[in-house]
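Using my numbering, read the first sequence as starting at 1 and increasing by one per residue.
Hints may contain errors.
[As the list claims (entries may be wrong)] Restraint ranges, calculated between C-beta atoms of paired labels, are given here:
1) ARG391 <-> GLU189: 33 to 39 angstroms
2) THR900 <-> SER727: 50 to 56 angstroms
3) GLU200 <-> PRO477: 28 to 34 angstroms
4) PRO12 <-> SER327: 41 to 47 angstroms
5) GLY237 <-> ARG423: 28 to 34 angstroms
6) GLN181 <-> ARG219: 28 to 34 angstroms
The set of hints was computed from the structure by calculation and includes no laboratory data. Heads up, the beta-carbon is just placed ideally off N, CA and C, and yes, glycines get one too.
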Amino acid sequence: MAERYDHRELEPRWQRRWEEEGIYRAEVDWSKPKHYALTMLPYPSGDLHIGHWYAMTPSDARARWMRMKGYNVLFPMGFDAFGLPAEQAAVQRNIHPAKWTWANIERMRRQLRSMGAMFDWRREAITCDPSFYRWTQWLFEKFYEAGIAYRGEALVNWSPTLQTVLANEQVIDGKDERTGQPVVQKLMEQWFFEITRYAEELLDFEGLDWPEPVKAMQRNWIGRSEGAEVVFRTEGGDELPVFTTRPDTLWGATFMVLAPEHPLVDGVTTPDRRAEVDAYREQTARRSELERMEEGEKTGVFTGGYAINPVNGERIPIWIADYVLLSYGSGAIMAVPAHDQRDFEFARKYGLPIVPVIQPDDGEPLDGATMTEAYVGPGVMVNSGPLDGTRCTEAKGRENPSIAAAIDWLVEHGVGREAVGYRLRDWLISRQRYWGCPIPMRYRRDGTIEPVPEAELPVVLPEDVEFTGRNPLAEHPEFVQTVDAEGRPARRETDTMDTFVDSSWYQYRYLSPDYDEGPFDPEEAAYWLPVDTYTGGAEHATLHLLYTRFFTKAMRDLGIFDETAEVMRRHGRDPDSLFDEPMLQLRNQGQVLGEERPGDVVHVVGRWRGETLVAESVRVDEHADPADADGVIVGEVMRRVENVLQVRVDDRLVTVEVPEDAVVEIPGIPGDNDVTQIRHHLEVQRMSKSRGNVVNPDELVEAYGADTVRTYLMFAYDWEKGGPWDSRGILGTRRFLDDVHRIGTERYVPKDVSEEATARLRRRVHQAIRKVDADMEAFKWNTAVATLMSLRNDLLEALRSGSVSADAWDEAVKTLLLLLAPMAPHLTEELWRGLGFDESIHLQPWPEFDPEVAREELVTLVVQVNGKVRDRLEVPADADAEAVEAAALSSERVRRWLETGEVRRIVARPPNLVNIVVG
RNA sequence: GCCGGGAUGGCGGAACGGAAGACGCGGCGGACUCAAAAUCCGCUGGGCGCAAGCCCGUGUGGGUUCGAAUCCCACUCCCGGUACCA
Numbered sequence: 001m002a003e004r005y006d007h008r009e010l011e012p013r014w015q016r017r018w019e020e021e022g023i024y025r026a027e028v029d030w031s032k033p034k035h036y037a038l039t040m041l042p043y044p045s046g047d048l049h050i051g052h053w054y055a056m057t058p059s060d061a062r063a064r065w066m067r068m069k070g071y072n073v074l075f076p077m078g079f080d081a082f083g084l085p086a087e088q089a090a091v092q093r094n095i096h097p098a099k100w101t102w103a104n105i106e107r108m109r110r111q112l113r114s115m116g117a118m119f120d121w122r123r124e125a126i127t128c129d130p131s132f133y134r135w136t137q138w139l140f141e142k143f144y145e146a147g148i149a150y151r152g153e154a155l156v157n158w159s160p161t162l163q164t165v166l167a168n169e170q171v172i173d174g175k176d177e178r179t180g181q182p183v184v185q186k187l188m189e190q191w192f193f194e195i196t197r198y199a200e201e202l203l204d205f206e207g208l209d210w211p212e213p214v215k216a217m218q219r220n221w222i223g224r225s226e227g228a229e230v231v232f233r234t235e236g237g238d239e240l241p242v243f244t245t246r247p248d249t250l251w252g253a254t255f256m257v258l259a260p261e262h263p264l265v266d267g268v269t270t271p272d273r274r275a276e277v278d279a280y281r282e283q284t285a286r287r288s289e290l291e292r293m294e295e296g297e298k299t300g301v302f303t304g305g306y307a308i309n310p311v312n313g314e315r316i317p318i319w320i321a322d323y324v325l326l327s328y329g330s331g332a333i334m335a336v337p338a339h340d341q342r343d344f345e346f347a348r349k350y351g352l353p354i355v356p357v358i359q360p361d362d363g364e365p366l367d368g369a370t371m372t373e374a375y376v377g378p379g380v381m382v383n384s385g386p387l388d389g390t391r392c393t394e395a396k397g398r399e400n401p402s403i404a405a406a407i408d409w410l411v412e413h414g415v416g417r418e419a420v421g422y423r424l425r426d427w428l429i430s431r432q433r434y435w436g437c438p439i440p441m442r443y444r445r446d447g448t449i450e451p452v453p454e455a456e457l458p459v460v461l462p463e464d465v466e467f468t469g470r471n472p473l474a475e476h477p478e479f480v481q482t483v484d485a486e487g488r489p490a491r492r493e494t495d496t497m498d499t500f501v502d503s504s505w506y507q508y509r510y511l512s513p514d515y516d517e518g519p520f521d522p523e524e525a526a527y528w529l530p531v532d533t534y535t536g537g538a539e540h541a542t543l544h545l546l547y548t549r550f551f552t553k554a555m556r557d558l559g560i561f562d563e564t565a566e567v568m569r570r571h572g573r574d575p576d577s578l579f580d581e582p583m584l585q586l587r588n589q590g591q592v593l594g595e596e597r598p599g600d601v602v603h604v605v606g607r608w609r610g611e612t613l614v615a616e617s618v619r620v621d622e623h624a625d626p627a628d629a630d631g632v633i634v635g636e637v638m639r640r641v642e643n644v645l646q647v648r649v650d651d652r653l654v655t656v657e658v659p660e661d662a663v664v665e666i667p668g669i670p671g672d673n674d675v676t677q678i679r680h681h682l683e684v685q686r687m688s689k690s691r692g693n694v695v696n697p698d699e700l701v702e703a704y705g706a707d708t709v710r711t712y713l714m715f716a717y718d719w720e721k722g723g724p725w726d727s728r729g730i731l732g733t734r735r736f737l738d739d740v741h742r743i744g745t746e747r748y749v750p751k752d753v754s755e756e757a758t759a760r761l762r763r764r765v766h767q768a769i770r771k772v773d774a775d776m777e778a779f780k781w782n783t784a785v786a787t788l789m790s791l792r793n794d795l796l797e798a799l800r801s802g803s804v805s806a807d808a809w810d811e812a813v814k815t816l817l818l819l820l821a822p823m824a825p826h827l828t829e830e831l832w833r834g835l836g837f838d839e840s841i842h843l844q845p846w847p848e849f850d851p852e853v854a855r856e857e858l859v860t861l862v863v864q865v866n867g868k869v870r871d872r873l874e875v876p877a878d879a880d881a882e883a884v885e886a887a888a889l890s891s892e893r894v895r896r897w898l899e900t901g902e903v904r905r906i907v908a909r910p911p912n913l914v915n916i917v918v919g
């Protein structure tokens, strides 16, 4: 009898042994092809979530597979350790953020090790470690010297709750994406990265194997639009440039609108309008983005000033309105109410003229007085002087003849130029927070700025700080007070960087986390870069993934990879275009959701008070006898809020109030019961502590083993999609590994060996190699595991019958273990060594697929009549069209159907299918 | 509104334009057991039929094709992104 599969003993043992033997150490070796596999680094929140396992263990399996395929694989891990939760812990629980973070890292490292992943821990990088953030600061200074990092004034998103500013990418629906608290717009001086410098290049995904949705989201976020810049003038003579995508409609502009914060507003406002304009501007400043959006109707006020339309010299009024944003284009628009819905609504509300300049192809000429909405379709230009008669299509930019004609006219007359606008704004990186990378700048007494000299880096976060809710750095005199390069008193910058700055370059620090002559060692970088495969959540599409692309491009342009390129050339590797993009291949995993759970069935006796049943007694009862008396209901508890239950009775929900003195009986829970112990129905939703539907990976590892958890997560879902957790489903995976354990330890005794059964098993083995290999390549772990389960079924069958040769059995077992090794590294290692091999299974080459052995000799021929399957026949795999046709026509079952009419056509697809068309 | 993605048994999910439902969960029946659990064996999309077998079936409606879950058109619902972007 074989020994039992004891994962509790076996898994830690192999983890220790691998560590001791250092089998996962990744060393530069120019004689081997490299593969840099990377999975998004976690925030050290304190506990590893099942989502981390779902993201990381399949990525680990793929990295292992690449290694067995002969690649030298780097698969590092680290922590994105700066960020707000640490400060919140400090305020709430009086623990220093550093202490809290480092304790969490310690704990999570242990949990990560329990995965049995091939992380090379010598390459661990932790963003809050001074040895890391020294180089974040160094990069900031390089960006500063190049003008990519700058201090500027802009309308920024200020979160009163967090007492800090946020990047555009962190604000969703006018609310902070983390806390859901509203954000207000404030004009503030802050640090920015000039990501817009790369807007055009960031739109180019050439050569990147990235998911289409991620590319689309980035394109939308960047929001390129083609048009023209047209220079209007105020009556006072000030230039008032506007950006428009429809320069062809310039002749229909009947007014202008400036953003309330626009610098020219003061100049154009006439004394009689001053009070109203100021009031409107103040109101705009006070309202949050959210309030502005909720207000459906457009508002605005007339400034009293006028501008001259450069195309026809017409005098048009200048308004201000908050539907025009200061941060897009020039913060001013020309309004063409006849052909822009926003302008139309505004014009109608305030009685401004509407002049159509496009005549639709069919129907009556447009009349500004009677139109009910803006016309945005195709037609012919009218009322437009030189453009009259030009065709207007629905195409954008120069593709549209009328727009092309308008741009040419503007250029010719010197009042405008072709222009491209982007929705993307510069990346606001200042945060008025403590737990982030300090911005290494200081302000001299004269107000000018200087970077902290490189030799003084890093600017270290002081530890003796107090947390009051405001930025503690600003209130720390020893930190703030410093001296400039000349020794004169200076003030230190107290803002820290957005944590997305840290994760924008961490993939480079992994290469050499201890290197102290630069952010990374060119000798390592030349071999490992770029990242070949990157995996992580799609929620980072417009945040991290856009930022890190920008970072790499900026670093490239600043020459930070020059030395690396030199080393590459020395080794005969062409560095051309290798530093344009950080990650060549990207894949997103989905999310593991909480499990659906039925609620308790309760038997409630009480009194009706309106629609509510006030309970006298509540009994949890599995045998749901139907209720027959008044004031008695039986049903499943769907929801519970405090002491109020929603019980489903037939198809409706009954509200049950359970007063303090009601009797609650739950047979399954001994002792006195109360209403909070009643289980309510749980729907499939994201896991969260408050919903009580989180699954704890540590407990799963304890109960089933890391290999089972890994394999189950790979088997249960389409990885890119995710889905609900199934606590019974994991048992099937454990049974699979139990069977593998049995197959790997049982002595096989051939009994009635048949050549046919032997050949069949060998065929299945080689088909499995092909299938698993293709699936690993394509991130289709679920079908890879399914293939191995089938192979398990074949082996169990062989074990029962003893019908295969000993050699075929050995080959099959060995192959099963090798193919399963990336998914279940501990068990396969144990069984492999048990078979007598001295070297780790994880150092073995991936099995070779033999097409000769995998080839089927007999295949099933499906015979259809008019597309419906009428018979299945066995034919040789090499049967030709004639042979399969003959076989099909001679089938007894098929013949009966042929009698219903004449054979009109026979479609043969040998060797699998024949379709006979009868009519 | 706009841009993506999706909808297949009771459930998770498989299916180069060619056998729908691989693999697993659950369910049902049987073996073992005093019994239960575990384990093992068999069945398991729906309907009709004693059976051979037949009919229906991949969100809905149409189309292309010898043949459609797969391609095309229109629509419904769900999920994600984005939203005065001039």
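* Starting from the hint list further up, note which numbers the structure goes against and sort them upward. => As far as the earlier hints go, 1, 3 and 4 are violated by this structure, in ascending order.
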